[in-house]
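Go ahead and model the full structure; you've got the sequences and the hints to work with.
Here the protein sequences come in this chain order: A and B.
Quick note, this note's numbering runs 46 ahead of the 1-based positions in the first sequence.
Quick note, this note's numbering runs 46 ahead of the 1-based positions in the second sequence.
Any given hint could be a false lead.
Identical copies go unnamed one by one, so any copy, or any two together, can satisfy a pair.
As the list claims (entries may be wrong) - Simulated pairs of lysine to any residue, SDA-like, Cα-Cα distance not exceeding 25 Å:
no.: 1; residue 1: Lys204; residue 2: Phe55
no.: 2; residue 1: Lys201; residue 2: Pro178
no.: 3; residue 1: Lys201; residue 2: Leu59
no.: 4; residue 1: Lys83; residue 2: Asp209
no.: 5; residue 1: Lys204; residue 2: Pro94
no.: 6; residue 1: Lys201; residue 2: Leu148
no.: 7; residue 1: Lys83; residue 2: His143
no.: 8; residue 1: Lys83; residue 2: Ser98
no.: 9; residue 1: Lys83; residue 2: Gly60
The hints are simulated quantities; they were obtained by calculation from the structure and are not laboratory data.
There are 2 protein chains.
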Amino acid sequence: MIDGFWFPFFVFLGACGAAAATGAMFPPGRWYVQLNKPVWVPPNWLFPVAWSSIYLLISFAGARIVHLEGSGVALMFWALQIAFNTLWTPIFFGLRHFRASLIVMAFLWLSVSSAMLAHFYVDVYAGLAFVPYFLWVSVAGMLNIAMYRLNPNIKPLKPADLD
Amino acid sequence: MIDGFWFPFFVFLGACGAAAATGAMFPPGRWYVQLNKPVWVPPNWLFPVAWSSIYLLISFAGARIVHLEGSGVALMFWALQIAFNTLWTPIFFGLRHFRASLIVMAFLWLSVSSAMLAHFYVDVYAGLAFVPYFLWVSVAGMLNIAMYRLNPNIKPLKPADLD
Numbered sequence: 047m048i049d050g051f052w053f054p055f056f057v058f059l060g061a062c063g064a065a066a067a068t069g070a071m072f073p074p075g076r077w078y079v080q081l082n083k084p085v086w087v088p089p090n091w092l093f094p095v096a097w098s099s100i101y102l103l104i105s106f107a108g109a110r111i112v113h114l115e116g117s118g119v120a121l122m123f124w125a126l127q128i129a130f131n132t133l134w135t136p137i138f139f140g141l142r143h144f145r146a147s148l149i150v151m152a153f154l155w156l157s158v159s160s161a162m163l164a165h166f167y168v169d170v171y172a173g174l175a176f177v178p179y180f181l182w183v184s185v186a187g188m189l190n191i192a193m194y195r196l197n198p199n200i201k202p203l204k205p206a207d208l209d
Numbered sequence: 047m048i049d050g051f052w053f054p055f056f057v058f059l060g061a062c063g064a065a066a067a068t069g070a071m072f073p074p075g076r077w078y079v080q081l082n083k084p085v086w087v088p089p090n091w092l093f094p095v096a097w098s099s100i101y102l103l104i105s106f107a108g109a110r111i112v113h114l115e116g117s118g119v120a121l122m123f124w125a126l127q128i129a130f131n132t133l134w135t136p137i138f139f140g141l142r143h144f145r146a147s148l149i150v151m152a153f154l155w156l157s158v159s160s161a162m163l164a165h166f167y168v169d170v171y172a173g174l175a176f177v178p179y180f181l182w183v184s185v186a187g188m189l190n191i192a193m194y195r196l197n198p199n200i201k202p203l204k205p206a207d208l209d
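This is the structure in structure tokens:
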């Protein structure tokens with residue numbers, strides 16, 4: 047079972063589920079609606095579509111290489127990107143901490159770039175499956191920078207101090 | 047460089063850094079202080095000490111096996127555990143969503159157990175390095191259940207609805 051494709055595919059998809067759960071648990075809401083956004087901001091419906099596709103693709107990538115010799119470094123970067131991916135949403139939507147979200151985004155972009163290259167090194171289809179993620183996270187990074195610049199007066203929340 | 051021990055060690059430690067950042071960004075604060083806790087709750091100073099030790103140990107485990115043949119499944123579970131680890135703190139301290147935090151904790155416990163077994167299968171020292179994590183997350187799970195039972199009236203926060 048564990049030697050095949052589907053068991054690893056669903057384990058990787060489970061890890062993506064942790065990242066996706068942040069989107070469900072920390073939804074944009076009316077705070078996000080009233081933020082200043084650049085004219086080129088993607089439409090709202092595109093975000094869940096893009097992320098769902100990306101999670102399926104990178105689960106495919108992981109499952110494709112998990113049993114191949116020399117896949118360790120690629121899987122290490124797979125682990126790195128999912129940790130930073132899971133971190134971003136709570137920082138941005140949960141804390142509204144724009145500066146910290148930019149730092150996390152920079153690490154996410156670096157980890158996705160590294161994961162894409164490392165997957166290409168092991169298997170071309172696995173590498174290709176990371177390309178949409180790389181492109182999307184590049185757009186997300188530019189959007190994060192634009193939001194930071196266009197909303198200079200956002201105060202981070204401090205949930206620990208709320209009653 | 048990437049073929050040695052230290053480069054992978056620091057990449058895994060970077061992934062742990064994403065999980066650790068949730069502890070710094072979503073600190074317990076006074077809300078946590080006034081919660082009902084079981085008599086056996088570990089002292090506050092033990093939490094950062096335990097987590098720092100665990101992060102060093104599992105980074106060692108990952109770096110030890112990353113270049114070994116057949117380490118793919120273990121690294122897959124390494125990725126799974128760090129995603130759920132990063133998710134737990136924002137759900138508990140950021141949203142105060144006890145029920146969701148219990149579900150995340152169950153997945154975290156399963157993923158740490160699987161990672162420990164899979165690391166033992168590849169390398170005994172890597173497996174041993176996961177044992178303190180397994181024990182600690184078992185305690186954390188029992189603590190999470192106790193907190194849920196002892197604080198039945200906690201209302202989850204909805205950061206999206208705050209102004």
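Here's how the hints hold up against the structure:
1. Proximity of Lys204 to Phe55 under the C-alpha cut-off of 25 Å is found in neither arrangement, the shortest distances being 37 Å within a copy and 33 Å between copies.
2. In this assembly of identical chains, Lys201 and Pro178 lie within 25 Å of each other by CA distance neither inside one copy nor across copies; the values are 33 Å within and 39 Å between.
3. For the identical chains of this complex, Lys201 and Leu59 are neighbours neither inside a copy (34 Å) nor across copies (30 Å), given an alpha-carbon limit of 25 Å.
4. In this assembly of identical chains, the alpha carbons of Lys83 and Asp209 lie at most 25 Å apart only when taken from different copies (18 Å versus 31 Å within one copy).
5. For the homomeric pair Lys204 and Pro94, the shortest alpha-carbon distance between copies (20 Å) is at most 25 Å, but the shortest distance inside one copy (27 Å) is not.
6. For a Cα distance limit of 25 Å, the shortest separation of Lys201 from Leu148 inside one copy, 15 Å, qualifies, whereas the shortest one across copies, 30 Å, does not.
7. In this assembly of identical chains, the alpha carbons of Lys83 and His143 lie at most 25 Å apart only when taken from the same copy (16 Å versus 30 Å across copies).
8. Taking identical chains as interchangeable, the C-alpha atoms of Lys83 and Ser98 lie at most 25 Å apart only when both belong to the same chain, with a minimum of 23 Å there against 39 Å between chains.
9. Neither within a single protomer nor between protomers do Lys83 and Gly60 lie at most 25 Å apart by alpha-carbon distance, with minima of 32 Å and 31 Å respectively.
When the structure is compared with the earlier hints, violations turn up for hints 1, 2, 3, 9 and for no others.
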